[in-house]
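J.: The opening residue of the sequence shown carries number 1 in this note's numbering; numbering runs sequentially from there.
Note that these hints are calculated values from the structure, not bench results. We treat Cβ as the ideally placed atom computed from N, Cα and C, and that holds for glycine. Treat each hint with caution, since some may be false.
Listed below are the simulated DSS-like cross-link pairs for lysine-lysine, each with C-alpha atoms no more than 25 Å apart in a straight line [what the hints assert, rightly or not]:
| hint | residue 1 | residue 2 |
| --- | --- | --- |
| 1 | K40 | K27 |
| 2 | K69 | K40 |
| 3 | K71 | K30 |
| 4 | K27 | K69 |
| 5 | K40 | K30 |
| 6 | K40 | K71 |
| 7 | K30 | K69 |
Estimated spans, in silico, between C-beta atoms of each pair [what the hints assert, rightly or not]:
| hint | residue 1 | residue 2 | range |
| --- | --- | --- | --- |
| 8 | P118 | T53 | 14 to 22 Å |
| 9 | T51 | P118 | 19 to 27 Å |
| 10 | A110 | R77 | 19 to 27 Å |
| 11 | G73 | L112 | 28 to 36 Å |
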Amino acid sequence: MVKKPPGTHKPAAQARAASAAPQLSEKQCKHLRGLAHELKPVIRVGSAGLTETLAAETARALHDHELIKVKAGGGDREARDTLFAELAQRTGSALVHRIGNVAVLYRPRADLARILIPDA
């Protein structure tokens, strides 16, 4: 196994986070909430919380689906809100909606957008 010097390897989640999160209008958020209503959570946050692996898996799921639900365990509401905001920031996605333990994240694909959202 070849070790790379520190600072030369950038995890995929950090590379994607460099791109800015999409700015959505209220009309666009409402449309995306409607699409997300029937979705099941794709990512479940475990007891370890927000780890690099979780951020990378979320980025991969966003690449595959564009619109996903993330479910976090019970506990402190403020801690969940912080976790969802941090996850959205790390993955370069928009936090469309949060209700209870579930958040909806959206990040369009640059090469092949599947979800068409209305103009702002």
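J.: Are the hints correct? Go through all of them and say.
T.: Verification of the supplied hints:
1. K40 <-> K27: holds (23 Å)
2. K69 <-> K40: holds (7 Å)
3. K71 <-> K30: holds (20 Å)
4. K27 <-> K69: This hinted pair holds, its Cα atoms lying about 19 Å apart.
5. K40 <-> K30: Cα-Cα ~18 Å, so holds.
6. K40 <-> K71: holds (9 Å)
7. K30 <-> K69: holds (15 Å)
8. P118 <-> T53: 14 to 22 Å: The hinted range 14 to 22 Å is violated for P118 and T53, with Cβ atoms some 35 Å apart.
9. T51 <-> P118: 19 to 27 Å: violated (35 Å)
10. A110 <-> R77: 19 to 27 Å: violated (34 Å)
11. G73 <-> L112: 28 to 36 Å: holds (33 Å)
When each numbered hint is compared with the structure, violations occur for hints 8, 9, 10.
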